[in-house]
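J.: Spelled out from the first residue to the last, the chains are:
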Amino acid sequence: MGKYIRQPLKVNGVIMKYFNHIISILIFLSFIYSCSCLISPKAIPNKNCLPNSRKVTYISSPSSTEIICRATGNGKSFAQAYEDSKTAVIWFAINYIVKITDVNELHSEKFLCNHSPEKYIRWQSDCLKKVVIAGNTFVDYEYKIDMEMLKSEIKPPELPPEPPFQPSIAVLSSNPGNKFSPVAISVVKGFLIDRGYDVFIQTDMSKSDRISELTRKIIGQEQDPFYQMAIELGTDIYIKITQITCQRVTVSGVTTLQSSITMEALDTATDKQIGSTSEQSKQRYTPACESLVQEASQLASNKVINQISRQIKRQNDKGKAYKIVLFVSSGNAQAVNKNLYASLKLMSNSKVRILGSGSKQFSYIVCLKKILNTIELFDDISSHYAGPGKLKKEFGKGAFLILTNESGSEVL
Amino acid sequence: MKGNFVSICFKKCNVFFLCIYLYLAIIPISFASQEVHESQRHSVRKSGVHIEYTNFESNYVSFDVKYNSRIINTIKYKIYPKQKKYINKKIIETFLSNEFDRIRIIKNKLILYLPDGKKKVSVSYNGGIYWDKPKQTLEKFSSQLNTYLNERIQGPAKKLLIKSLPYRDRYGNKIDRIDNRGLSASELKELMETCYAFGIHVPKLKGVINIDEIKKTYTKNGVKQTRTYYKSTMEIDAEARLLIYYLDINTNQFVLYTTKYTTNPIILGSGSISESKEYNNKTYNDRKLFENCLEKFANALAANALYCSQREFLSCFSIEDVQGFTFFSKGMPNIRMDAPINVKKYIDADIVFSGWGKARHVSVNIDDETQKNNYQLIGGKVEEKDLGCVHPWTGVFSYGTIGKDDSGGSFSKLQIGSYLDLGYAANQKLLSEIWFDSALIYGFGEFGTDEVTLDLDATYYAVNFNVYKRLYLSPLSIYIAPGLGFEYRRTMISYYSEEYETNSMIAKAIVNAGYNISPDQELFISMAYNKLFNEDDLDDSGLVIQCGFAFHTPVIGGLWANIFGNH
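Protein sequence lines correspond, in order, to chains D and H. Note that my numbering numbers the first sequence so that position 135 is 135, with each residue one more than the last. Note that my numbering numbers the second sequence so that position 77 is 77, with each residue one more than the last.
There may be inaccurate statements among the hints.
[Stated by the list, open to error] Pairs of lysine-lysine, DSS-like flavour, derived with a Cα cap of 25 Å:
(1) K82(H) - K372(H)
(2) K129(D) - K381(H)
(3) K372(H) - K129(D)
[To be verified] Some chain D residues near chain H, calculated using beta-carbon distances under 10 Å:
(4) D126
(5) L128
(6) A134
(7) V139
(8) L257
(9) P287
(10) S291
(11) Q294
[To be verified] Rough simulated footprint, nothing fancy, chain D against chain H, three-plus residues with beta-carbon under 8 Å:
(12) 36-42
(13) 154-167
(14) 188-201
(15) 342-356
(16) 382-392
(17) 416-425
In short, the hints are calculated from the structure, not lab data. Quick caveat, the model's predicted, so the values are computed rather than measured. Ideal Cβ positions, reconstructed from N, Cα and C, are used throughout, including at glycine.
Based on the provided sequences and hints, a complete structural model is requested.
T.: Below is the structure:
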């Protein structure tokens with residue numbers, strides 16, 4: 001019995017003997033552990049508000065102020081991956097709005113740190129995919145984002161300053177008699193108005209007025225009727241819907257419908273194409289095609305208007321482009337041309353493009369930053385032009401100005 | 001005597017169905033649309049053409065009548081059209097769960113019934129219900145049915161499918177759609193390419209009627225008297241085949257539906273159904289007994305059809321939410337109470353089993369989005385948006401145990417039996433996890449009671465019925481099941497060359513504890529306190545401890561067939 005009593009005492013004695021050493025070792029180990037925790041990545045609170053995943057795909061725009069995207073989220077658990085997908089879609093939407101150019105990662109991060117993604121999500125799908133790869137969970141969701149709200153809450157420098165001018169845009173259809181044209185035009189018009197553009201829609205093209213005749217004579221060739229209409233309406237840009245179709249497709253023995261639409265955007269002054277797309281709706285089992293035309297139009301409108309926005313942004317950097325046509329009938333045409341060119345060079349920081357130069361007709365394209373319309377343009381030209389003779393404004397609308405020289409012009 | 005006793009016990013329980021196949025099937029049928037990954041696949045609405053005709057190879061069932069193991073006569077019963085119709089309806093309606101829209105051929109119309117049972121869509125049909133030669137062999141019937149479907153049904157069926165598309169889509173367990181511009185091509189494909197037709201073939205049925213003599217002793221005016229009864233037990237070899245045809249919408253042809261597991265028409269059971277009745281004399285010509293037997297035959301085949309339906313048309317869903325050990329899905333009325341649900345994950349491009357649970361609340365209204373199904377996690381793990389798939393199940397397990405019995409002596413015992421989840425079988429929430437157990441027991445050892453310690457060699461045979469309630473310890477796959485039981489025991493005591501018999505009634509208090517290796521296999525230990533009431537007033541009590549292994553039984557026999565309901 002004594003053996004059993006003495007044994008624990010012996011152990012106690014050993015413990016007491018090395019007590020100080022044990023305590024020292026424990027303190028040392030605690031210190032090491034604390035240090036390891038400090039340098040461990042887990043110990044650093046995650047201040048990075050950017051998403052782990054950047055896999056986001058644009059799906060469609062159900063309205064002019066909303067977009068639907070499919071986002072993949074990535075995380076250690078489903079909950080993390082789900083939250084990541086929301087952050088990823090808002091990150092995408094921010095970049096979508098500002099088109100990356102003026103916003104760098106840091107600014108997106110700042111915005112995402114201070115705003116909950118939930119605030120801008122108007123709808124989300126059921127989970128579309130959930131897979132685990134190498135211990136990480138990946139989930140896919142579709143989200144509808146309120147772009148208007150997001151845009152209004154992105155403060156500079158996330159959003160570039162408002163452009164000095166918003167161009168006017170005409171929406172024209174190649175076949176106004178097509179029963180789907182009004183649907184498509186209405187969709188495009190709605191998108192443009194919501195984005196703050198002045199919109200003009202097509203009137204009867206047969207009512208070509210004097211200006212159309214004038215431009216035809218000046219330019220000396222048959223012009224694209226869309227171009228004439230745009231000049232007539234005086235818009236800076238025109239969108240032409242070149243094709244709308246609604247075709248039947250058989251799926252599983254059932255006839256479904258599918259709509260496709262083609263549209264282009266052109267700069268009226270330069271006649272340069274600044275946007276172009278061809279979009280299709282999904283194949284659907286539906287009795288009427290109107291909803292599918294609407295679906296295709298929404299897709300196309302969103303794409304073309306984004307292309308226009310990028311063009312306007314570039315234009316704002318260089319200045320608004322104007323097309324100036326000069327008609328001189330007298331013998332000093334070359335002198336008038338030379339002096340007008342010199343005046344335009346003085347007015348513009350960038351180079352002046354000469355489109356055509358004949359014995360009597362001259363045309364130029366000039367980019368001017370502070371001039372907002374043809375009235376201001378004519379005043380500015382008049383103040384810079386030193387002669388010979390005086391320049392007279394024959395026609396000015398949108399980005400198109402026709403001048404004649406007072407000394408010897410013909411009434412056209 | 002011993003053999004006869006066991007035979008009687010078997011007949012009493014109608015446990016004649018044999019387990020002929022055990023399938024664990026995961027069948028990829030056309031689930032997901034193009035946009036939704038397979039990890040989130042949802043079951044789609046299918047349509048089933050109900051062929052309301054069962055091909056009986058013979059309209060008669062012939063029976064050998066046996067008395068003292070000797071054939072004394074043969075007898076034939078006719079199967080009336082009313083009974084044929086009952087068998088057909090019972091099987092098809094069970095097979096076509098709520099995931100199917102049923103298409104019926106009624107006079108000059110082909111009618112599709114939506115799940116609410118009220119809404120229907122119809123197209124005109126003038127093909128008639130025409131059978132060239134009834135009473136065909138399986139091969140001939142299969143060929144004849146295929147021709148009938150292709151020549152007369154496929155055209156109107158396709159028209160009906162197109163006409164009913166907008167209605168059927170509403171009831172689909174679909175991914176939430178943002179727009180309402182009409183069915184997309186992928187959704188359309190799902191609804192159009194999941195049309196099936198079902199036919200039933202019953203081979204020539206044979207049976208036996210056994211007449212047993214039973215002597216019963218009773219006391220009248222203080223005098224012990226013995227009376228002889230005759231018990232007729234009718235047995236039918238139960239077998240039927242279910243033929244499934246799939247409508248290939250591109251070729252406009254019905255083709256025999258095959259999967260990895262179903263390359264031939266499905267066998268709905270194999271074994272026999274029995275029904276018995278006591279008479280004062282040697283009676284065997286009782287049509288009522290035959291009709292009861294036939295009804296049981298239909299019920300057993302229907303219960304097996306339910307299992308086959310789950311196996312062939314696996315029902316899957318995305319797990320919406322997880323709270324503790326409970327997980328939720330959208331309302332799915334086709335899932336039965338206590339149905340096991342396999343939880344799967346997609347890990348590194350493989351489908352991995354991550355856990356399983358059982359249905360605890362089933363929503364009855366598919367349209368009400370606030371009503372959800374909920375499930376208890378039994379084993380493993382579950383996370384939101386994992387895939388849940390209904391495990392093909394009958395709720396019936398067969399088992400064997402070995403153990404020690406200290407009641408009425410000291411015995412080693414062997415027990416075989418089967419148990420059934422009543423909640424699943426009856427599809428009743430009130431009966432959830434209440435199990436009914438029936439077994440045959442053989443014990444051997446020494447006889448003795450508290451009052452009389454004889455230490456004599458003895459053996460016993462017993463039939464045992466227990467009811468218990470299972471409580472699962474989530475997520476350990478472990479359950480504890482307290483319950484009550486009843487046992488009828490006949491003990492044979494050897495005393496030198498003499499053999500004595502004594503009968504006992506035993507009341508039991510039981511606690512079972514088990515571990516589920518999977519939804520289909522379990523190991524368990526059982527403790528029971530037995531209180532014996534012997535016929536010779538020598539009462540006793542004692543403990544029983546046993547351990548056993550149970551496995552899922554995919555074919556349901558006559559014993560359980562009548563309990564299955566609410567298909």
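J.: Taking the earlier hints as the rules, which of them does this structure contradict?
T.: Violated hints: 1 and 17; rest satisfied.
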